[in-house]
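**Q** These protein sequence lines are chains L, H, R and Z, in that order. If you read the first sequence in my numbering, its first letter stands for residue 1, the second for the next number, and so on. If you read the second sequence in my numbering, its first letter stands for residue 338, the second for the next number, and so on. If you read the third sequence in my numbering, its first letter stands for residue 675, the second for the next number, and so on. If you read the fourth sequence in my numbering, its first letter stands for residue 999, the second for the next number, and so on.
What the hints contain is simulated information worked out from the structure, not anything from laboratory work. Using N, Cα and C, we set each Cβ at its ideal position, and we do this for glycine too. Please note that the accuracy of each hint is not assured.
Said to hold, decoys possible - No farther apart than 20 angstroms at their CA atoms in a straight line, the calculated lysine to aspartate or glutamate pairs in the EDC-like style are these: (1) L:K313 with R:E986; (2) H:K661 with Z:E1310; (3) R:K997 with H:E547.
To be verified - One side only, chain R facing chain Z, incomplete, derived with CB under 7 angstroms: (4) E831; (5) Q869; (6) I872; (7) S902.
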Amino acid sequence: MARKITYQQAINEAIDQEMARDENIVLMGEDVVGGSGSDGEMDAWGGVLGVTKGLYGKYGDRIMDTPISESGFVGAAVGAAASGLRPICELMFIDFMGVCFDQIFNQAAKFRYMFGGKAETPVVIRTMYGAGFRAAAQHSQCLYPLFTHIPGLKVVLPSSPYDVKGLLIQAIRDNDPVIFCEHKVLYTMEGDVPEESYTIPFGEANIVREGDDVTIVAFGRMVQQALKAATALAKEGISCEVIDPRTTSPLDEDSILESVENTGRLVVVDEASPRCGMAADISALVARKGFSSLKAPIEVVTPPHTPVPFAGKLEDLYVPNPDKIAAAVRATAGYNA
Amino acid sequence: MARKITYQQAINEAIDQEMARDENIVLMGEDVVGGSGSDGEMDAWGGVLGVTKGLYGKYGDRIMDTPISESGFVGAAVGAAASGLRPICELMFIDFMGVCFDQIFNQAAKFRYMFGGKAETPVVIRTMYGAGFRAAAQHSQCLYPLFTHIPGLKVVLPSSPYDVKGLLIQAIRDNDPVIFCEHKVLYTMEGDVPEESYTIPFGEANIVREGDDVTIVAFGRMVQQALKAATALAKEGISCEVIDPRTTSPLDEDSILESVENTGRLVVVDEASPRCGMAADISALVARKGFSSLKAPIEVVTPPHTPVPFAGKLEDLYVPNPDKIAAAVRATAGYNA
Amino acid sequence: MAQALSVEDLLDAYRTMKTIREFEDRVHVEFAKGGIPGFVHLYAGEEASATGVGMHLRDDDRLASNHRGHGHCIAKGVEVKGMMAEIYGKRTGTCRGKGGSMHIADLDTGMMGANGIVGGGPPLVCGAALAAKRKGKGGLAVAFCGDGASNQGTVFEAMNLATVWKLPVVFVFENNGYAEATDSRFSVSCKDIAQRAIGFGMPGRIVDGHDFFAVHEAFAEAAERARSGGGPSLIEHKLDRFFGHFEGDNQKYRPAGEVARLREETCCIKRFAKKVTGEHGITAQQLAAIDDEVAKLIDEAVAFAETSPEPEASDLLTDVYIKY
Amino acid sequence: MAQALSVEDLLDAYRTMKTIREFEDRVHVEFAKGGIPGFVHLYAGEEASATGVGMHLRDDDRLASNHRGHGHCIAKGVEVKGMMAEIYGKRTGTCRGKGGSMHIADLDTGMMGANGIVGGGPPLVCGAALAAKRKGKGGLAVAFCGDGASNQGTVFEAMNLATVWKLPVVFVFENNGYAEATDSRFSVSCKDIAQRAIGFGMPGRIVDGHDFFAVHEAFAEAAERARSGGGPSLIEHKLDRFFGHFEGDNQKYRPAGEVARLREETCCIKRFAKKVTGEHGITAQQLAAIDDEVAKLIDEAVAFAETSPEPEASDLLTDVYIKY
Ligand SMILES: Cc1ncc(C[n+]2csc(CCOP(=O)(O)OP(=O)(O)O)c2C)c(N)n1
Ligand SMILES: Cc1ncc(C[n+]2csc(CCOP(=O)(O)OP(=O)(O)O)c2C)c(N)n1
Ligand SMILES: [Mg+2]
Ligand SMILES: [Mg+2]
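Please model the complete structure; the sequences and the hints are all you need to start from.
**A** Below you can see the structure in the form of structure tokens.
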């Protein structure tokens, strides 16, 4: 039975349902309990934004606070995954990857290949990304293109409460390492989410809106921005198909290519930095495999090649928004060779 | 006066000439002296492959061995750069970035922006990349697309002895943080290198071969592979223009776009992994800004989306080679809409 | 090692501590009113730590701070108006509004930056210390870290490197008992952070961080060691924070009444005032005059911040590279 | 804590040490002939360390190794033929030729992998130990690190985490005096790595790593502590390597004659043989029989490796994901 809950509640529910189902699942991270060792409430926080609140009460020592030692505990999660547990590991902000990246890309991602197919590493690394909180350059990045670059990792970017629950359950059941990227601005988004457990397979894009004139591929929080743009553009008579790939790795190439085959025009919208990012990645895919259908240059809407600024005015200019998306769509729709 | 020296000697000479010129330059890294604290020769190694051999004898304590603490000493180089020195810091293999990435992308790269333009961080991080040594998954990666993604970093990929000297001197004199990527297979490559000091500006591509039918953009070691393919293709009557961007960030967009304007066909060759890599980045650039000149799908030649395998046979299959490049060029040259 | 502190020194110390306290109390109030965006971590309660250290620092000494950086900035001499404007995200801010509370830096005064990355600063000060060492003028560099940060690998590496290279560094660990909501008795695997010094070949001391005089004296020794080529030191300040981890923290991990009790019992400013009026012949009037001065300064800073212009749209694209 | 070692145990220990030595000596020779590709780091000289530890390990215990991993693999029970084939890059190798010397792993025997990243292993064993702890059957995990690795932040973090979570881990530091060409007296900022234990709330011991019996006894204590829920320990083995850092190393950082002298004076196998023939009633013939056995085993392993097929081209694309 579906009812309206937030993205954040959907995450909590997914973890809860999976932990009830499989006792090999453990959850670890800084303050995921949120009060270890203290004289006050042991589970005062339940995560820096309260996402895992309540789980400690249910699962006790399967929920573990950690010291601020990301290499240590991310590596422990990876090692535990290679030893029979199914850890969910929280890297509080994706921006902190720089102090633990080795354990993710040289260890977890490569075990199976380096070890000749004999290892399985079912670890999920949940992490918060994105701008919009006035959190400045070191707490607002996207960075998932860096993980997408690495063979052996799966990368998930849920864009709605419904998706985040189904994709997280899928991630937990998946036997490869998964980087699960939660946009901090989406935590409070509400949507219909079934109470019962369900999974959404990786590598299957969601066509969130159908249309015939222009294909918009958008990721994470940008899916909602793209939908807003599409709604506005519909009034101008431009019909947009909006595709949310949901996972960047594996990537559902076919859905994107089929759509472009129909529309002949593509705009890619991403909040990550432009160079070697998702916008480039999707553009390249279509420029190669969908070239014959293309009727116009592939447009991209991304932030500029700058760090994320602090001041609200600048941050708002930094992040792609419906206006900029609409402008790009108009440009491509109006292009005639 | 130019004479033939190796890529490796050219690096040594560039550092030597710059250190003689500017006493604020220091060099640090694991075994860059190569024997600190020992009872044998203090400078026994001069770098794991001997690249910095001899500098200790000339510059004494300006050449510094470090413990195996990459975050510690890369961070120290960054901090020193923000404090008046001009450090050259060796990260032995680019694969080790995972234990020190934070100091590079959250610290060095962002100081200037976060601090409102008031910081300068003239640090050069020299690092060895690439496959071909049977060094397997953790010592053979390219990974420069990860650095290229980050605003605030400059990324250099010298493809010849001449270039490596001029680009390294430029890097040392540059006041922004520079990631200087040396391909391990190129170290023994010989070429004409002037004895005197010279610089090659960043963001200026080298047209290493002119041609009219197909543009090949290739990076680092792949430039030589592309040239071989071009030579072979010339015999078949296909004329290739081979472009070496030399720096991925900043990128000389104009040279690439101009070439494609002329040829209408593009093949991008890169040894880095395909997803969110350089091949995607260049493809996206041209699919957007050069679309109207394009006569065929943009082809890319990269390794597959796998870690680097150990066995020689597999590693050879992994790395792009002239045959694969030629095949891609033929495919695009033969394409008719 | 204790240096004689003149009355003027003591009044300066008081002024610095009080400025920090007023700054933080005011940011707390303005944040609640909604005037300040982002993540803000307040330093109130820990003033003696930054101040006792800062008084030893020359302009050419360098300091690397952490997310809880306002106090370190003020003690290093960063201008308060610019700081406040920065926290408000204004163009007149120390970093022209591009950094915010977690990234205030002012290289001219030797302040290398607050840092959003726990453990980000210690490697950086090794570099600053290397530069100072090469210059040969007795300069030093200091890193401030929390108890939580003491478990970050970058911090251990920096300590090892500082000894290996014999650098003029002082590592100050401000142990306020918590890293976010996690108690340091849980996260730090040894009894005192100071015990870690031995594993890195440097002296380690535990200091009552509420006691300006103890802080001042211990740092004098470490600074002397650093400046004279003796290498790095570790000092652990035991102290308390008076606000939550960041603005908005429910603080339920603290037992009820803890903060109120601490404000009463451990306030470093009260303690300082009592001592200097009792033992150093400073009058309550002198302190009150400073209080007024500080109150005015902070009022002005807030007014300045509030009335300052936002950044220009074009600022978004500048300062990525030296030419960009 | 010393457990009585039976004659059979001692012969096993000898067999393991000898197997490692022969394996490494032979790889050295074959490498020079050009039969072996890549970076190869030999363990000869350090056999007592892996063997004395390995004898305590159950099949369900886990071990994380480093770049110098052959000895750890053999001591953990990885099959020698597969290892040799792996080092040759053959399809019959432990990792089907995809890993090579630096990445031999065999999870079935509890060997979690050699590691090309210095300091890569210690965080991983914390996870293995967590799994063992949750299983509740007294399992443990051990990480082998060098003196150089002892300065890597990941290693410090793992030690802290192991104590905080009270994990059944033993951290064994094999201090062979060098990290590549750098002397440990330069890179390790304290006198003995064992001194670092106190900063991480665990016992630390220094052990003569050339002495099988000392290694065996010290690990018994640490293992007992781990298995009974007492938490982690640190052990430093002081020992020597008999070859260069990797094959091809000029070793000029070592004083002339050092290696020859060490081979004479510190050889753990000679020392072991002398002791067991003297004190435990084992005969020279018994050892010689093992020598023959081992020589044959290694010959067979090389022959197997040499004649084994290379990987198939299609192997390039498999094993990236579970389905790919
Ligand atoms: C690498 C990294 N990990 C985690 C965080 C999130 N974080 C910010 S402050 C903090 C607690 C720091 O505690 P401590 O070092 O004791 O300093 P305090 O806040 O008590 O002054 C954490 C976990 C971060 N900013 N960077
Ligand atoms: C993170 C990282 N840094 C550097 C290296 C290069 N490297 C490989 S082995 C080694 C020395 C290791 O020394 P030690 O830990 O003492 O082990 P030993 O070789 O003496 O057994 C170095 C620097 C690496 N592989 N990984
Ligand atoms: Mg704290
Ligand atoms: Mg060693």
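**Q** Quick check: which numbered hints come out false for this structure?
**A** 3 and 7
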